[in-house]
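2 protein chains.
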Amino acid sequence: MIEDKNQQRTSLSALGEFGLIGHLTRDIETSLPSTLKGIGDDGAVLDFKDKKVVVSTDLLIEGVHFDLAYMPLKHLGYKAVVVNVSDICAMNATPTQITVSIAVSNRFPVEALDELYDGIKHAAKVYGVDIVGGDTTSSQKGMILSITAIGEAEAEDITYRAGATSTDLLIVTGDVGAAYMGLQVLEREKQVFQVNPNNQPDLDPYNYLIERQLKPEARKDIKAILKALELQPTSMIDVSDGLSSEIIHLCKNSGLGASLYEEKIPVDPQLINVCEEFNIDITTVALNGGEDYELLFTIKQADYDKIKGNPNFTVIGHMTEESAGINLVTRANTQIPLKARGWNALSEGE
Amino acid sequence: MIEDKNQQRTSLSALGEFGLIGHLTRDIETSLPSTLKGIGDDGAVLDFKDKKVVVSTDLLIEGVHFDLAYMPLKHLGYKAVVVNVSDICAMNATPTQITVSIAVSNRFPVEALDELYDGIKHAAKVYGVDIVGGDTTSSQKGMILSITAIGEAEAEDITYRAGATSTDLLIVTGDVGAAYMGLQVLEREKQVFQVNPNNQPDLDPYNYLIERQLKPEARKDIKAILKALELQPTSMIDVSDGLSSEIIHLCKNSGLGASLYEEKIPVDPQLINVCEEFNIDITTVALNGGEDYELLFTIKQADYDKIKGNPNFTVIGHMTEESAGINLVTRANTQIPLKARGWNALSEGE
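Residue numbers (full-length UniProt numbering), protein chains in the order written: chain A, 1 to 350; chain B, 1 to 350.
Same shape as in the complex, but just chain A (with noise of 0.2 Å):
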């Protein structure tokens, strides 16, 4: 496991509660105007002025969403700032300020909650979010990670899941399945590690799906770039449990069907040469796979001059009236209705 990597083992009760807080937070500094007062009060205090407020939170729990085994400490810190944030860039908002609220148990030694603080960190940094807030506690089994991420807006930009009418052009932003493909091949060699732990695996043919799994990033640029295109998009979510699942999102909550075409979905070549030596169909990874954090929108037919040619957005398909329900055309031109198989937690746990 990762944190036995450590040298130096500090454990958790040395510290106690208030002293683990006051290690992990000794220096986060908030740097935003919104933020008055962030970590060492009852709460923090924000101050949005007349825009919006954007809320969103996401649990993450080891052994259901992430595994130590060949996930860094550091790079989970990262990608659980991600997660959150990528959903207030969902709503077409501005992320702004995270609380994190850690449990784990005393395996764990404080270097190793450092180095997923590290993580935390160094995405608050990336992101231009600031710390104000969460909760550091023991758990009976593992480590659990908490996050809840706030956002700001001014109301007209806010795009929500419904407002897509029966016209409007689907669209997603960077390529869709990487991250998918990336777990697989490191469940792979966490396998191969095991039988033979001195194998030295060359994971160069993989570092791209590898870096969407471990180092995900949430699309925080997208709403700069549609703001200088003038682009009011209808309605968008983030790809999280995968394009599919989310696809039937924006028609349901905007009561209507979707065509997807097969040929359109950008994937990255490296996607599928890796989904060749797997032997898995590459449509099935990219609808499927989910943890992409790219946005999925829709605009208008009008629009689509704006974003005709741009290399950040790929037009996959259209929206239709319900009725026609929601299909993925494929290259040999047959419709087959979408599902919904993205990523059911709930079926593992003892």
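A few of these clues could be false.
Because identical chains cannot be distinguished in the list, a pair is counted as satisfied if it fits within a single copy or across any two copies.
Claimed, not checked - With a cut-off of at most 25 Å between alpha-carbon atoms, the simulated DSS-like pairs for lysine-lysine come out as follows:
hint, residue 1, residue 2
1, Lys-37, Lys-252
2, Lys-121, Lys-264
3, Lys-49, Lys-227
4, Lys-306, Lys-227
5, Lys-51, Lys-37
In short, the hints are calculated from the structure, not lab data.
If you're wondering where the values come from, they're calculated on a predicted model, not measured in any experiment.
Fit chain B to the known structure of chain A by using the hints.
Same frame as chain A, now just chain B:
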């Protein structure tokens, strides 16, 4: 275990993740003008206009923070909300929204989560807060609850831990120590039950203590009472870890010392009786018990007449210069330095 009493048991996997979230949140409505959008999108959207926003978060872990052997799930849900609402009240702000994240192992049927949510919804109603988001997932072991509370306040009303001056009076609402002794009674009954499951305990002599433990209340009422008295506290905190620990927090944040008078500490007559029965020192319990969720605050001496004789408040001491230290003045008129024993979750767990 409580959750085994259910006649009907629907497994979580039968509903699936999205199904479960939909089921648990199906009748949640929002009522505050500051809630523009609640559950059902990537984030909630809130509007506080020119008010400041207060945010606090807590993580509650089965086996660390609660024991389902004597904590009914409905009470647990209620208490989890109260704990967070109390933090908002401790900033002299008005609680407005909460997010609720839950992780459970498969040993819990859907009906158990329904009970938990009933308690959460009831508390939300009692405290007038909207449930605007959250996360529902599986855990590897036991139940995990993470609640974030949001509140609003005019800038001039917000009261921090820092802000007291050396001549301020130290005041506590209600009484302290009862929740801790309620826990001792429940622990004893649990042991009796394990020896003899047919034993019918008479808990009447302990009803106040047990209620303080199982169904504590946050002092949302205090802000309005202070407002009506035209009284602005100079510093404030809620009593979650124990009176002693909280006094030390106020002192450290304000750069002061304090004198606490043993004879002034408000305790319920039932606490006195039960401490005698358990042969435990009342003052020790009152100082270190925790989980009372009363408010501890300081006011200027000149404001004393505003609270004199008010049954909501007890003057328990006064602040001093930092060099005088933080002391308990006993009934025998000796000074003993206060220690933050509080409650140290990090010495527990595997």
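Which earlier hints can't be squared with this structure? 2
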